[in-house]
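There are 2 protein chains.
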Amino acid sequence: MIHSIVATIKVKAGQEAQFEAVARKLVAAVNANESGCLLYTINRGDDPQTYVFMERYRDEDAVKAHRATEHFRTCGNAMGAHMDGAPVVLRMKELA
Amino acid sequence: MIHSIVATIKVKAGQEAQFEAVARKLVAAVNANESGCLLYTINRGDDPQTYVFMERYRDEDAVKAHRATEHFRTCGNAMGAHMDGAPVVLRMKELA
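One line per chain: the protein sequences are A and B, in this order. Using the working numbering, the letters of the first sequence map in sequence onto residues 23 to 118. Using the working numbering, the letters of the second sequence map in sequence onto residues 23 to 118.
Hints are supplied without guarantee of correctness; some may be wrong.
Intra- or inter-copy, both count: the list cannot distinguish identical chains.
[Unchecked claim] Pairs of lysine-lysine residues, derived as DSSO-like cross-links and limited to a Cα-Cα distance of at most 30 Å, are as follows: (1) K47 - K115; (2) K32 - K47; (3) K34 - K47; (4) K32 - K115; (5) K115 - K86.
Hints listed in this document are in silico derivations from the structure and should not be mistaken for laboratory results.
Only chain A is shown next, with the shape it has when bound in the complex (with noise of 0.2 Å):
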């Protein structure tokens, strides 16, 4: 069963193309090294100084997988250096 997460994520104002920077570092490992992540994207939502990011995964053991690697503590790290508050993260099962 396909596992979906949407983060939705505030970043402190003035500090978007730091944050953005690693997003797109965090994107772009896990593109080259989850083979269980179908999707990963991070986005710019309308609000201001709101990102989301977009996952899907094969199933829960590619969620654990995901978590437990080095890119994900990394960025998520440097990334949390950013944010104002905590992200708030959906955790989902795909019907269709």
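Chain A is already provided as a structure; the job is to place chain B on it using the hints.
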């Protein structure tokens, strides 16, 4: 530029099956008819009665074309009857 949409919907308790039936019909119609739509999925959140449409479109025109379809209007109306409040819709541009 790819446009992405995340639409989060709360469904009235006990009406999940009815909602899911229409949502699946909409997903099938979009995938069969909209070449400008790159991804259109319905997901059940881990939180009760929470559903999310994850959507990606080739460009802004494809978003407009989607909203003008007969299946979007018909299924949208049918799903509305099962919703607990208005959907929360995030509109975004994909960066990577």
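Hint by hint, here is what the structure shows:
| no. | hint | result |
| --- | --- | --- |
| 1 | K47 - K115 | both (26 Å within a copy, 17 Å between copies) |
| 2 | K32 - K47 | within (18 Å within a copy, 34 Å between copies) |
| 3 | K34 - K47 | within (19 Å within a copy, 40 Å between copies) |
| 4 | K32 - K115 | both (24 Å within a copy, 15 Å between copies) |
| 5 | K115 - K86 | both (15 Å within a copy, 27 Å between copies) |
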